[in-house]
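A.B. asks: First to last, the sequence lines map onto chains Z and R.
So the first sequence is numbered by our numbering: it starts at 1 and just counts up by one.
So the second sequence is numbered by our numbering: it starts at 1001 and just counts up by one.
I should point out that these hints are in silico values taken from the structure, not numbers from a laboratory.
The model shown is predicted, which means the values in this text are computed figures rather than measured ones.
Cβ atoms here follow ideal geometry from the backbone N, Cα and C, with glycine treated the same way.
Don't take each hint at face value.
Pairwise CB distance ranges, derived in the manner of DEER restraints [claimed, not checked]:
1) Z/Met108 with R/Thr1365: 52 to 62 Å
2) R/Ala1257 with Z/Asp396: 17 to 27 Å
3) R/Leu1250 with Z/Met108: 11 to 21 Å
4) Z/Met108 with R/Arg1272: 56 to 66 Å
5) R/Gly1319 with Z/Tyr103: 33 to 43 Å
6) R/Pro1153 with Z/Val389: 20 to 30 Å
7) R/Pro1366 with Z/Val389: 40 to 50 Å
8) R/Thr1020 with Z/Glu90: 31 to 41 Å
Heads up, simulated DSBU-like pairs for lysine-lysine below, C-alpha to C-alpha not over 35 Å straight-line [what the hints assert, rightly or not]:
9) R/Lys1224 with Z/Lys140
10) Z/Lys327 with Z/Lys312
11) Z/Lys224 with Z/Lys35
12) Z/Lys35 with R/Lys1140
13) R/Lys1312 with R/Lys1327
14) Z/Lys312 with R/Lys1224
15) R/Lys1312 with Z/Lys312
16) R/Lys1224 with Z/Lys327
17) Z/Lys140 with Z/Lys312
There are 2 protein chains.
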Amino acid sequence: MRVELLCTGDELVTGLITDTNSTYLEGRLFDLGVKVERVTVVGDVRPDITGALLEASARADVVIVSGGLGPTADDFTLECAAAAAGVPLEEDARVLGWIEERYASRGMAINPGALRMARIPTGAEPVRNPQGSAPLVIQKLGRARLFFLPGVPREYRALVDGEVLPRVRGWLASEPHRTFRAFRLLRTVRLPESVLNQQVMPLAPSHPRVVFGFRTHAPENHLKLMAEAPTQAEADAALAAAEAACRVVLGTHVYGADANEYAPALLALLSRAGHTLAVAESCTGGLIAQDLTAVPGASQVFLGGAVVYSEKMKSAWVGVPPDVLEKHSAVSRQTALAMAEGVRTACGTTFGLSVTGYAGPGGGTPEDPVGTVYCALAGPGFESRCERVSLAGDRDRVRLFAASHVLEMLRLHLLAAPVSP
Amino acid sequence: MRVELLCTGDELVTGLITDTNSTYLEGRLFDLGVKVERVTVVGDVRPDITGALLEASARADVVIVSGGLGPTADDFTLECAAAAAGVPLEEDARVLGWIEERYASRGMAINPGALRMARIPTGAEPVRNPQGSAPLVIQKLGRARLFFLPGVPREYRALVDGEVLPRVRGWLASEPHRTFRAFRLLRTVRLPESVLNQQVMPLAPSHPRVVFGFRTHAPENHLKLMAEAPTQAEADAALAAAEAACRVVLGTHVYGADANEYAPALLALLSRAGHTLAVAESCTGGLIAQDLTAVPGASQVFLGGAVVYSEKMKSAWVGVPPDVLEKHSAVSRQTALAMAEGVRTACGTTFGLSVTGYAGPGGGTPEDPVGTVYCALAGPGFESRCERVSLAGDRDRVRLFAASHVLEMLRLHLLAAPVSP
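Here chain Z stands alone, though its shape is the one from the complex:
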């Protein structure tokens, strides 16, 4: 099956935004064993869009088009689709109903922009968009099937996962000589990409049916394993063997697989053991709290986070003694330990975590320059511990890796001592 992508929008050809939608879709299609053959990006220019639609549909079986479906005057992708197919646009009663329903539920009046979104090429099939007003539209053009999706990433991804991929999967299943694939993403932390590469690449020759790939997703690095074989059972077996071998060399650096992200994995570990958690953050400024609370149900485990961005609040909220601050400064082992213990006591949780450091660009001392972060863990049955880390990069990167470091202190503790006293 030949698949091409077409992305439209001036913002994509003027450097305003990076096309992450295609990266997402390519990855999902690759998981199904489909390698995208070509991606074309054009601006909001009618003849360019129409021309690109005609070209892509002459080459490909499936063309997935994004952008230009919204309510504004520069949204005219479906006009181009109609022109390419030589059919008129017409208002679709189903789409109009969906839009009216959505607008009504938000107390908004239908306006001309909303009505634009209900006009689709004659003969095309609309599919309701669960996240927005503009529908997914499916159209045949020559031998190709065209999918038109909104460019808003949240809507795009929901429609890719919910509507596009299931259809592609169905078509693939009916192809005669297909290659079967099996895929696993192993998610690691605290492992630089070059080290990850060095550790697993010696395993590759023993697993000839498996392609080893790497992906950096700071602060994590991911190992992608893809097995190909003439049957699904053989692909699954080859993948399982390669995964097992990789897990042996990577050990606890692997925190999860596939779509399982870090924060839910850590919260699940805590929740299963009946533990609770509180966090005191200085330089990470709420990053840890917001990451954990983004997970539905986090309130079962996470009880409180103190963003103590001033000395006063370090004392007031998490009980750091003023003389510790005075003697050792706010960025010190002693302060980090007092913060972790203090927030644990204040919230009455099983564990307390803390971070204090210099995220930059200003601040720092000769002994503790920008990038120095103290991370501490307090909990039952062991002496509180603090680790000092030196992180390279800008403010965002220091904050990101500091948050990851202190959470990993807790995860490694839980792995080492699964049964808490």
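Based on these hints, arrange chain R on the given structure of chain Z.
C.D. replies: Using the frame of chain Z, we list chain R on its own:
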């Protein structure tokens, strides 16, 4: 001048990496008044690369190609360039000298891969790469000039800035009828895209030299204005007139322009007036604190954030009276007001903000279903106020829009009463 980009590499069509090189180059070209007409991405497939080179050079004056210049077996972009031009590849003595020098300086022996990089299409011009071994190659194909760059972002950017853009600038200056462009991005909040469109599109006919465009960047919507004229002065004047007219209808919904983001803009407003801020968050879980503290120098204004994810911490850290929680519940106007006032008192700041609500997917009551959020503002010289908002969407979206709503309460207050008592 018509410019197209062509990017090659399997990693770009399988979701392994996102094409940020193009974003960079498009932005730099747009600064010169050049809008890229098309970007094409293909995998490491010889006929696909050769075909795309021929197509692009038939349409464009300049084609900037990246990837596939390195030492490994899957680097064959210059082979395709030679095939497209109908000329052989030949070893270039200058390039060989540069590579030998570079390898020698690193104590590395020349290997067959290194020699591959010295072979360029007959008649093409090589330019030394200051950051790597593979040279920039410039080739004429039909009426088009083709630039071949390595895909490694560091090398790509250095060659774009040092070699490609100066040449493009020179050609532009010698064009008889060139178009000059001026660009402004107006950033709005609390304005749905369809409403933004409705408000500004009636202005468009009065500004024929300006293209109006829109971009959604939740929770914000942005208006893009691009003026085109035969001189820079006319483009600037046309842009200024359109911008002024849009600002009149959009009023305070415009919080900033171009690269100026929301959190820095709000912190600057507070900082200029000598104000300080503290935040008590329940359902947003630290999102507001982390957004504000991501800005360098935030500690001048932001003193503390309490992520009070349990009733106990709402009382302990920000002094919500237990009877308020019992009588009105944690998600209520009374609790939100007590949180805003309490965090302001605890931190001793000019202003206190708070958010409490049901982000979902669980929770909610018949009166306050999932998506209901109470936002409150406390400060000097006015009675604390609370706004109840009903937000649609998933947990992430509710949190994002709730954070935006409460920050905007503060920004509007500052705009309405710039001189604080």
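A.B. asks: Next step is simple, just say for each hint if it's right about the structure.
C.D. replies: Cross-check of the supplied hints:
no.	hint	in the structure
1	Z/Met108 with R/Thr1365: 52 to 62 Å	25 Å, violated
2	R/Ala1257 with Z/Asp396: 17 to 27 Å	23 Å, holds
3	R/Leu1250 with Z/Met108: 11 to 21 Å	18 Å, holds
4	Z/Met108 with R/Arg1272: 56 to 66 Å	36 Å, violated
5	R/Gly1319 with Z/Tyr103: 33 to 43 Å	42 Å, holds
6	R/Pro1153 with Z/Val389: 20 to 30 Å	26 Å, holds
7	R/Pro1366 with Z/Val389: 40 to 50 Å	49 Å, holds
8	R/Thr1020 with Z/Glu90: 31 to 41 Å	40 Å, holds
9	R/Lys1224 with Z/Lys140	33 Å, holds
10	Z/Lys327 with Z/Lys312	15 Å, holds
11	Z/Lys224 with Z/Lys35	15 Å, holds
12	Z/Lys35 with R/Lys1140	31 Å, holds
13	R/Lys1312 with R/Lys1327	15 Å, holds
14	Z/Lys312 with R/Lys1224	44 Å, violated
15	R/Lys1312 with Z/Lys312	21 Å, holds
16	R/Lys1224 with Z/Lys327	53 Å, violated
17	Z/Lys140 with Z/Lys312	66 Å, violated
Against the hints set out earlier in the document, violations occur for numbers 1, 4, 14, 16 and 17.
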